[in-house]
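Novice: Here's the letter readout for the chains.
4 protein chains.
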Amino acid sequence: MAKGIKIATIGGGSSYTPELVEGFIKRYDELPISELWLVDIEAGREKLEIVGDLAKRMIKKAGLPINVHLTLDRRAALKDADFVTTQFRVGLLDARAKDERIPLKYGVLGQETNGPGGLFKGLRTIPVILDICREMEELCPDAWLINFTNPAGMVTEAVLRYSNIKKVVGLCNVPIGMEMGVARLLDVDHSRVRITFAGLNHMVYGLDIFLDGVSVKDKVIDLITNPDNAITVENVPALEWEPEFLKALNALPCSYHHYYYKRSDMVEKELKNAKELGTRAEVVKKLEAELFELYKDPNLDVKPPQLEKRGGAYYSDAAVRLIHSIYTDKKDIQPVNTINNGAIAGIPADSAVEVSCIITKDGPKPIAIGELPVAVQGLVGQIKSFERVAAEAAVTGDYNTALLAMTINPLVANDRVGKLILDEMLEAHKEHLPQFFHN
Amino acid sequence: MAKGIKIATIGGGSSYTPELVEGFIKRYDELPISELWLVDIEAGREKLEIVGDLAKRMIKKAGLPINVHLTLDRRAALKDADFVTTQFRVGLLDARAKDERIPLKYGVLGQETNGPGGLFKGLRTIPVILDICREMEELCPDAWLINFTNPAGMVTEAVLRYSNIKKVVGLCNVPIGMEMGVARLLDVDHSRVRITFAGLNHMVYGLDIFLDGVSVKDKVIDLITNPDNAITVENVPALEWEPEFLKALNALPCSYHHYYYKRSDMVEKELKNAKELGTRAEVVKKLEAELFELYKDPNLDVKPPQLEKRGGAYYSDAAVRLIHSIYTDKKDIQPVNTINNGAIAGIPADSAVEVSCIITKDGPKPIAIGELPVAVQGLVGQIKSFERVAAEAAVTGDYNTALLAMTINPLVANDRVGKLILDEMLEAHKEHLPQFFHN
Amino acid sequence: MAKGIKIATIGGGSSYTPELVEGFIKRYDELPISELWLVDIEAGREKLEIVGDLAKRMIKKAGLPINVHLTLDRRAALKDADFVTTQFRVGLLDARAKDERIPLKYGVLGQETNGPGGLFKGLRTIPVILDICREMEELCPDAWLINFTNPAGMVTEAVLRYSNIKKVVGLCNVPIGMEMGVARLLDVDHSRVRITFAGLNHMVYGLDIFLDGVSVKDKVIDLITNPDNAITVENVPALEWEPEFLKALNALPCSYHHYYYKRSDMVEKELKNAKELGTRAEVVKKLEAELFELYKDPNLDVKPPQLEKRGGAYYSDAAVRLIHSIYTDKKDIQPVNTINNGAIAGIPADSAVEVSCIITKDGPKPIAIGELPVAVQGLVGQIKSFERVAAEAAVTGDYNTALLAMTINPLVANDRVGKLILDEMLEAHKEHLPQFFHN
Amino acid sequence: MAKGIKIATIGGGSSYTPELVEGFIKRYDELPISELWLVDIEAGREKLEIVGDLAKRMIKKAGLPINVHLTLDRRAALKDADFVTTQFRVGLLDARAKDERIPLKYGVLGQETNGPGGLFKGLRTIPVILDICREMEELCPDAWLINFTNPAGMVTEAVLRYSNIKKVVGLCNVPIGMEMGVARLLDVDHSRVRITFAGLNHMVYGLDIFLDGVSVKDKVIDLITNPDNAITVENVPALEWEPEFLKALNALPCSYHHYYYKRSDMVEKELKNAKELGTRAEVVKKLEAELFELYKDPNLDVKPPQLEKRGGAYYSDAAVRLIHSIYTDKKDIQPVNTINNGAIAGIPADSAVEVSCIITKDGPKPIAIGELPVAVQGLVGQIKSFERVAAEAAVTGDYNTALLAMTINPLVANDRVGKLILDEMLEAHKEHLPQFFHN
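Residue numbers (full-length UniProt numbering), protein chains in the order written: chain A, 1 to 439; chain B, 1 to 439; chain C, 1 to 439; chain D, 1 to 439.
Just chain A, with the same shape it has in the complex (with noise of 0.2 Å):
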């Protein structure tokens, strides 16, 4: 890393990057950034020089020697990299879309993480990110994958298990996000509170709160008790704990939890919000739209502040506090999803989970958290069984192990009914899974 740092950005063109870029400006003191790739596919090609564009004209501004590069040349962007982010979406928004419609028609949730959305987004992704996998074992072999492509968890499962790839790192804004809620909420400075976070991605407990290192928890759950003080993000619709689930409970749920703690209460709401507002994903298309409105403004030269309410804020800052902790041996705790290594009892040594680390040049070093409260196991085990379930079938291309994948998740639990929207998102997307339709 003599000459500076090289950063390849694959799905560069992502409505993300600026926040990317403002992290790497902010930061530039102690990482010395010298060549940003963006990467991109031709059907991005667009929007990945709208917003290299914008990227460009904000290092202008900060006054930094940082070359930015925009291509479509995955290889050279990847060739003696330092550090790889990824954040493409295989399928665009439009894909998202169904991953959310079809499950609704047969009344299941789809949920692009851990659903049967999150399925098909895995069985998508995988096969790329494995590809990317292999370049950088020739071009970059001592880069720092970091991945905040959602499914993050079945993601990062998947390339530790089907990659030669050891240094890799999955990212969330969730944990990130819930820190500052909390911070909110106790009118303190996001550096006093500290989470002890275990889990997997998007299925993440608070298992301990503390404030100036002392615990919070009892404090913060009370709280929370109150509707009025729910720490949401935007990407899922907010509905209230009942109390005394949540003091039962004895830890803090991710927002992502509604989606297995009130399964059929987010039903009927996502069944209404998709009448009446569009899924998610139709949502954050009009927004991203207008994202990319703004940033083809030639006078604009910072990350507009209508970024915050895309859903994914913080994300890539968090990636850059990563890269930058990396960097600089800086031994900080951030939640990542990483190896467990024996950090979650009862959770596979050699599987993902997403915990609180210390950030170390040599990669993130998980906390050891011991044993999960007894009640929360079960929902995490099943989550992890789905996500190995769906990383297999994403690599064979195996039908029937799609099948039991989509029957085992816990928003499905039904062969029949799987099996429909098996059918008809395998039929939806194919164009992007080829790996069920060649052999």
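Do not take every clue at face value.
For identical chains, the list gives no copy identity; a pair is met inside one copy or between any two copies.
Said to hold, decoys possible - Result set (BS3-like, lysine-lysine): computed pairs, CA atoms no more than 25 Å apart in a straight line:
1. K272 x K105
2. K309 x K167
3. K56 x K26
4. K331 x K219
5. K361 x K331
6. K98 x K361
7. K269 x K60
8. K61 x K275
9. K285 x K60
10. K275 x K285
11. K330 x K166
12. K166 x K98
13. K3 x K286
14. K419 x K105
15. K219 x K167
16. K247 x K430
17. K217 x K167
18. K105 x K269
19. K275 x K98
20. K272 x K430
21. K330 x K361
22. K269 x K167
Simulated from the structure, these hints should not be mistaken for lab results.
All of these numbers come straight from a predicted model, not from anything done at the bench.
Use these hints to put chains B, C and D onto chain A, whose structure you have.
Specialist: What follows is chains B, C and D alone, placed relative to chain A:
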């Protein structure tokens, strides 16, 4: 056990008792019982007398020196017993009818073992079982407790965790029924078929299937993809498995898996049944009334064939077979609920599992299974979480813990709906749940 | 196995072969062997012929249609075999004599299984066993490999880790000898005694001892605190246990435990024996010469009683008993070396252990033991570490790894002395250790 | 902790105390101690006064408002303490001399932590520590117990298993010494070196070594194969490692590993030392006498440099560093003895381990290490077995259990010799082992 074996049967007035007696008669040569104490409570006195008199006639016909005692004095029955069998039902079938009806009102399956119905059956049963355990410590500390009161898994878990009785076995007729079903399918004698069972009570899988020691799993799974070949129990409505699902599962599910792998279809079916035929409890209640009419016949001195339609067929026979193998140190293989001890990876060593065991005079010794298939680890873990939280709620009488158990149950998965069901069921079963109302 | 069973015995010229043949004759009714191939190498041709002719006379006397083939062509012997037994000794007894003599020069026990002697026996044996495994994959992929070449634990570990043969069982006569010793002590028939065995080969403990299914462990431990009641094997000099140690251990040690719980006394004793009587190998060599003189007698047509003094008594009989139980799916309990699969906590699931198993046509199924007593976990773990590092050294031929295995061995525990022993033994066994000299 | 921190130091009359005081003075800005209570027993009154007066002079010189209390009243010292540090020595150095001398008479190393000497130090110390724990429950239930009395691993194990105090940390100067040694070797500042520590107290390995976050393990191991580069502590005679052994071990051993990987050589060396120089205790006794002569000097008001030769250098500084990090929620990485919690595979989750931890106000959080290298699992497990059996013997005062601990110790490994040592040591330490003599 010098002077002959003493058996104490709690819930002796059960309609199953004639099968138990028949089992003892058949095996008398190797299992020389001298005293059979049938115990019941005041409310069951009439049934106890009817079934007790039949038992006496059966033994008289067999010409065996077994003394049958009918009593409401549990302590007298337990005193110096060698085996204690438990087959009682707190609140009788009326309680079970509520366990089934109330959740259905909210669109949720009752499921008397691992669902909300099972939760309430556990809440009513566990305190009684723990009382029996305390009495056993005092009155017959060397006796074996053979429990076949449902939910047998949760009850065994509770005894292992919350009593000092370590000589406990939970028994179920489901695995033996699966073996007999496979034997019928293959048109061979039951003795030639052996299934490797692993999982939890009513959540057990046949991981491998042997005919004369050679695996025929693939063949059997292939056969049962034909719905005409379904292996079912009377208690669970039969629905067809998707063949591709079954092949990917690559294990023999039990009948109760329909609730978890065909959830929404089972809701519909049970709603329909409840409307047209009554719930299973209501059906059984009629069957039982008919059975007791038969039992009253002073000329009847054998187990009437009608009993086999009752649903619990082979339960009592399985119990006698187990007692026989313990008493004679037979070292045969039987599937029972016992302490895991590492046999199934991923389930706590001190939790109850249902697994193929060698039955010795020193109790059942589980065969080391290793890891469950990835796809089933999750669901099994989820039911174990549920069983453990439910057992804790039963012992503590804590409302919040009961709500937690209800909410994490995969058939409920909704804290709001769970609370509605919980509140209505607590009220309905108030009389039998003193631990929730007396503090 | 339609036309009768084919057995291939590698090392067929061994002095043990008559016991093997006797075992096959005794069990012929249920174990209809049609072909017995005794294989040896050129250097063993004479012994093979002597013992092979005796085998033929024994079978002729028994009037059974078993064809005995004597051959130096291992591939011909393996072709379509149903069971492959291995009882060869690379370098013959002269090599064992070096295994014992060289370490003693440095004040260290040789110990032909778990000591430096065992390390070298493993280094010589494992490459040959892995060759046999490769041939089995090609020539008899469905056969069972029944290994009783020492060090049986290390060899089984190596087959499990470094070959594709999964149908492998390691066999030892020590546990069966312990059961027979306890039976003699209690003056009862062997069939009434059952010991719960767990540990590793030559590092196995009787965790509980049953007479007719009832624990008599305390009584037996009490008995053997009397040195007149010691249970020993011919191979290991008997020394008295301290009664208080034995009571605190609360388990039945095997003879080989003297090396680890009486280390310095055993060094002295073996030094004295080596001087006065010769090492065990040297004693055995004389016994063997005498046996082969007996075997030559053309009138001898039964196993001569002198064989029982050889030290490995019951080895071959144990092998036949095991083959019999596998072939007939007998489901009896036998202690063998097999994959742990979670049966013993704290030992890797994929490592070999010696443990009580149910023997089925599908192989041995270990009984779940759970945790070993705290006091023995450490030593068992240490030998497992040694076995694994030693197996790696055998496969890689890496000098440093061999030195590591030598140094971590509890009988050596000295890198400097270990290096001296290693260097001298490598030189002495050069001919049989091509992997260390050819790269 | 509003009005400043209260420290209670049990064994306050120790020669280490000036280092402790120096540490507190250095960190006063962030660690505002208001009260330092130095406690000792009657026999230590003179030393307490000498060292206590020096402490007062040091604080006076620093101009800090820390009140130093000298007392024989332990309860008064514990009352409302925030941190309790333990550095006492039951029986003083005379007892240690016996711990070393007696085993050597039988050709066995004493080894004051993990050998027979350590066993007896544990038997004397653990009951006192458990008394302190009981008093802490009553007098300062929120305090942290920072133990640096040896054997620190066994003591921490005993507190975790046999007391209700969960806020306990065991501390050792060995790992910090290894890091400083590596820093010297690489000629860099200590702050740039970080070692991943895992194992047990005095049985800890450096699994990886980082310079500025980049692994330099291979380089360091290469360097220390040169005996001039050995990293040693004053307490353990230095011997050279065989380079090939070290390379295969592929981890940094600690000084105490000489006892286990150079056992017979260390016996010889210690026999020679004992004869020529006296045992370590005898050497230290002289050093201590000289130190106390220095301490008496009324003009001395700083820690004299001679203390660093004492052998326990950095112990007290490590303690202050730990207290500082806990108090300030510093979240830095320090190697300490704490509950394993799954961090090291194969060691019980509820046992003490020595491992790199993040130090928070909520205590040390171990970094998940996963599996130890195969070659070291065994020895680590053996010492853990020893520690657990020894702790049980200390608590129960059971002779047989003590003999079991003695015999399974890898330095003894002989029940007969173990009994001789045990009997002589029990007699020699009778006064301090009431649990073995009063029942």
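Novice: None of the hints should be skipped; say for each whether it holds.
Specialist: So, going through the hints one by one against the coordinates:
no., hint, result
1, K272 x K105, "both (12 Å within a copy, 23 Å between copies)"
2, K309 x K167, "neither (31 Å within a copy, 44 Å between copies)"
3, K56 x K26, "within (15 Å within a copy, 49 Å between copies)"
4, K331 x K219, "between (29 Å within a copy, 23 Å between copies)"
5, K361 x K331, "both (8 Å within a copy, 17 Å between copies)"
6, K98 x K361, "neither (40 Å within a copy, 48 Å between copies)"
7, K269 x K60, "neither (45 Å within a copy, 66 Å between copies)"
8, K61 x K275, "neither (44 Å within a copy, 72 Å between copies)"
9, K285 x K60, "neither (29 Å within a copy, 70 Å between copies)"
10, K275 x K285, "within (16 Å within a copy, 46 Å between copies)"
11, K330 x K166, "within (20 Å within a copy, 30 Å between copies)"
12, K166 x K98, "neither (33 Å within a copy, 46 Å between copies)"
13, K3 x K286, "neither (41 Å within a copy, 58 Å between copies)"
14, K419 x K105, "within (13 Å within a copy, 28 Å between copies)"
15, K219 x K167, "between (38 Å within a copy, 22 Å between copies)"
16, K247 x K430, "between (45 Å within a copy, 23 Å between copies)"
17, K217 x K167, "between (33 Å within a copy, 19 Å between copies)"
18, K105 x K269, "both (14 Å within a copy, 20 Å between copies)"
19, K275 x K98, "within (14 Å within a copy, 37 Å between copies)"
20, K272 x K430, "neither (28 Å within a copy, 38 Å between copies)"
21, K330 x K361, "both (8 Å within a copy, 19 Å between copies)"
22, K269 x K167, "neither (40 Å within a copy, 47 Å between copies)"
In the structure shown, a violation is registered for the earlier hints numbered 2, 6, 7, 8, 9, 12, 13, 20, 22, in ascending order.
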